[in-house]
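Chains S and A are the protein sequences, given in the same order. Take 1398 as the starting number for the first sequence in the working numbering and just add one per residue. Take 576 as the starting number for the second sequence in the working numbering and just add one per residue.
Incorrect hints may appear among the rest.
Unchecked claim - Calculated lysine to aspartate or glutamate pairs in the DMTMM-like style (CA-CA distance at most 20 Å, straight line):
#, chain 1, residue 1, chain 2, residue 2
1, S, K1883, A, E979
2, S, K1544, A, E649
3, A, K702, S, E1581
4, S, K1454, A, E1111
To be verified - Facing chain S, from chain A, some residues (calculated, C-beta under 8 Å):
#, residue
5, T583
6, C610
7, L695
8, I698
9, C703
10, Y705
11, I707
12, S924
13, D928
14, E960
15, K961
16, Q1127
17, Y1130
18, L1183
As the list claims (entries may be wrong) - One-sided and incomplete, this derived list gives chain A residues near chain S with beta-carbon spacing under 8 Å:
#, residue
19, L609
20, D613
21, D646
22, L648
23, T700
24, K702
25, N1182
By construction, these hints were calculated from the structure, which means they are not laboratory data. For each residue, glycine too, the CB sits at the ideal point set by N, CA and C.
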Amino acid sequence: MVNLTIDGKKLRVREGTTIMKAAASVGIRIPHLCYLEGINEIGACKVCVVEMQGKTKLITACNNPVEEGMVLYTNSPKARSVRRTNVELILSQHDCSCATCVRSGNCNLQKLANDLGILEVPYEKEVQYHPWNKEFPLIRDSAKCIKCMRCVQICDKVQDLHIWDVQNTGSRTTVDVSQNRCIEESDCSLCGQCITHCPTGALRERDDLPKVFRALADPETVTVVQVAPAVRAAWGEALGLPASAATEGRMVSALKQIGFDYVFDTNFSADLTIMEEGTELIHRLSDGEEHEYPMFTSCCPGWVSFMKSQYPEMAGNLSTAKSPQQMFGAVAKTYFAEKAGIPAEKIFSISIMPCVSKKREATLPDMYSSGAGADVDLVLTTREFGRLVRAEHITPELLEEMDFDSPLGESTGAGVIFGATGGVMEAALRTAAYVLTGENPVPDFQTVRGMEGRKESTFRIGERELSTCTVSGLKNARDLMEDIKKGSVHYDFVEVMACPGGCVGGGGQPIKDGEELAVVRAPKLYELDRNRPIRYSHENPEIQKLYKEYLGEPLSERAHELLHTKG
Amino acid sequence: MSRLKISTPNAAQLTVERLYKDLERHIIASPPGLCPVDLQLSFLKLCHAQTCGKCVPCRVGLLQLQHLMEDVLEGRATEETIALIEETANNITDSADCAIGYEAAHMVLAGLEGFKEDYLHHIKTGKCSYTITQPVPCVALCPAGVDIPGYIALVGEERYADAVTLIRKDNPFPTACALICEHPCEARCRRNMIDSSVNIRGLKRMAVDNARANTVPVPKKAAATGKKVAIVGGGPGGLSAAYYLELMGHHAVVFEEKSKLGGMLRYGIPNYRFPRERLDEDIEAILSTGVEVHTNVTIGNEEDDMSLSDLRKEYDAVYVAIGAHTDKKIGIEGEDAKGVISAVEMLRSIGDDNPPDFTGKTVVVVGGGNVAMDCTRSAIRLGAEKVGIAYRRRQEDMTALPEEIEGAIAEGAELYSLKAPHKIEADENGQVTAIWVEPQIIGAIDAWGRARPVRAEVELKRIPCDIVVVAIGQGIESRHFEEAGIPIKRGVLQAMSESSIENLPGMFAGGDCVTGPATVIRAIAAGKVAAANIDEYLGYHHVIPCDVEIPQVNYADRQPCGRVNMTEREAGERKHDFCAIEECMTKQEAAQEAGRCLRCDHYGYGNLKGGRAAIW
């Protein structure tokens, strides 16, 4: 243990504790900007500087450990002056158009400048403007980048894709796509983790709200919206709602208030995914062939993109089942259109996703199977949904709870847990066990739950042992792939989610600087699951009806046509 | 009214003078990987500030060049911009009155030629093609990439064995490098920006003197793979490869032509610089990994003990690290006289404990490199009455380290600079009696920045002597290797940068036999590279880790402080024996010197990227 004094408070902390954390333990929150615990502790912004008694030079609190007997001042005249100057310097190179910034009100730089009372910057404004393809789902605005390097570090350390890098040296140092590539030709999975860890508005998703408003304004267009499982666990954060008020029912109500004609649930098509993917898995397990590699889930487009760019030789082991978003789109413009008597081409299909990669997924060549344009016409992130609600000046806490529309609003507890890492695995296990044994298993498969990046489990289902692995975060995915390639591990079925914690930690989710919220959101999904009357995908009555009336059975020709990729 | 005044510099002038010195040191410590166009623009700004403002090309031209270069850096330029830069700079070169203008423009032209690719890259992509890959200057410049800030911090805490363990992660010859490394790591040490570079080699010496390499256990080996690798040459490169291959679980078998291991460390470097028992400490530790050694074995063709093709058949991979051990001849009349010996021959006989007796003799050493200094100082120790060094350029042009030259002079060597060997004179018995030299004057500077000597219009000079030692470089015994299919170019083996040989799978080569005579640390680095790539070739991906915990930084303010230099035994005493001449730092000195390290692994770019490669 180390004894020290911060701002006159004596404290005792473990050896190796950073000054930042030591201060926090006695309630002193040292202002910081670039710091991201465990990921980016590089002391670049020099906002967290503190003065150490007896030393001339200030030291950064974020990446320097405490020393026995040190006496620190976080607000000495020197610390105060340096902190202010450094924020002013950052502002001199920052496009401070806060009113038109997506992060206005949720920006650490804005808050810090305001807290410090910086009303004028004494330095010449020098903002870097680099061109960027505004059609790409991920937008980088160089004018707002403060070179904190968080995006570089997240992509290197957590996602292991190395899309961002420091570019140029000297005064022209900036962040850009690595290896002199442009973003379109990079291997970016569009996981969006760089966006959710950006302290400013330098990184964001492409804003697709204008297209939503156009669709809503057109009386000829029938708008059909689906909401992904993980969105319901986070949408309230974007609106400042307490968790108790951010219910599924109010979310549905808000969407209806905005004017969407049909409000459906991606949970429905998550159940459908289980029917297709689960059946595919059972076929694979019983086809008598030795499979060198496991079957991999395919519902996460960030992961699918990663697999195809990093391990193309193994991409054949991905399930051919489309993601719930795309299954929904295909069913909405065929089965539902027929049933409701709406010409498919009049349907404008919108999804609300915790994800940026879904924006690209909806435009991939296999995703036009309904014959009426793209199966999903537009993808919004949870953040865009939040902005939509705000733009419509809706006060969600005053709304009455409403149910999803029928028939594509019916879902089970198995569908809702898709939003957390291990959820697809658990939902698949529930149904696979039923198919193989004729009996429903106990629905809770605790060993596949939880935030660890890699979880192995073996299950006995009927006669068979099923070995599985559940992974989230692409660095973990890469480590797993290397182990599988080396032959040091063997699994039958592997679930991968690109974002740490799964979709609840998705790159399209609301941002709270410095906080990882997947761990808070996931339990909400498990609670919804626990309280659902039906918890097995195969028991969803609307799914049963869909097969009976339209698809026949899982993996039927029509199911293949609509619900599977061509390989 | 006085007519003349004695001028004394005022405070401003004195300050500027001091800033010039500061700037010089900043330039010395310039980190590798910076944008060259950006740097050039900064240089140009400085040059422009020097202009008096009288002449147009300098006053205006240098400014317009800056604008054009800014266009390049800001991505506003086209190829026409480059053409305009070139034309303008040419015209400034041709018309500026004084060197302030034409030399500034000349620098711009040199840059346009030297890094045109980067200019074009800026134009095409709006970005620089350069990046900082290893931001810690000392580590970036160490060929083996040794974790220098790490071991300096360990020495500072007197954790000497840990320091040796950490060095060994990248370099299994900590003792050799502690005593005789040419320390390229110190060249751009960021401490230069404050005062002068950290004495890195001296601190490593502190580690190995207080924790002898043979007393610090080597790390645990990986599980045996059953693969066997033959290594031709038991010098620093071959033994480094052998060490890492053993740690990776492969079996390394070293074939050495001479009777003992160590290569040039034993047969090239005299004992007074690197005592044999210290070399044996490194070798003992390396062999403790299980390396199998066969000495007195020549690998060549069928007539020799074994041929290269035998090795290829018998082993899973072969690493050729034979070094550069053959003599180079001057090519002058009388070179075959009795009493003319090559440096290689002389140092080898000393290495084999069979030194020549120079008692009472007059010796002239021809050459200006470190080997020439080794021969000179050895000759003094072998009893020579007088030893001279004949060199065709000036003392400052010598490639030997300045401290080696100064050491030789202090021990009584005579320096015949600007004297090119002309012929060797012998008596009727064929015994050397003198060397005739051609006096030179120093002349024009060549493209590499070296002043070339040219024949002076004076008479030849006769230097009477009994022994001539030729130390003008070494060559490589390449014939047998060429016969075995290894491509040879300009006398050296042709290996790729990953040390494999084109069209010969499983065959690797590195060190002096590929680069030509170089330094021990480059041979060690080549051995490390070879080990990694042989491991990959054999289908593995072993990593070499190190679990030593690096001490945390201290928060001391960085006050300027002089560098602790190494001390030597006094010249009059040391010149009579072959015992080590350099003395180690004291603990007090080492603590102060270690404290001068700026910990670039923690401060600066190092804590973002590339600061520490914990494994390789």
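Starting from the hint list further up, note which numbers the structure goes against and sort them upward.
1, 4, 5, 7, 8, 12, 13, 14, 15, 21
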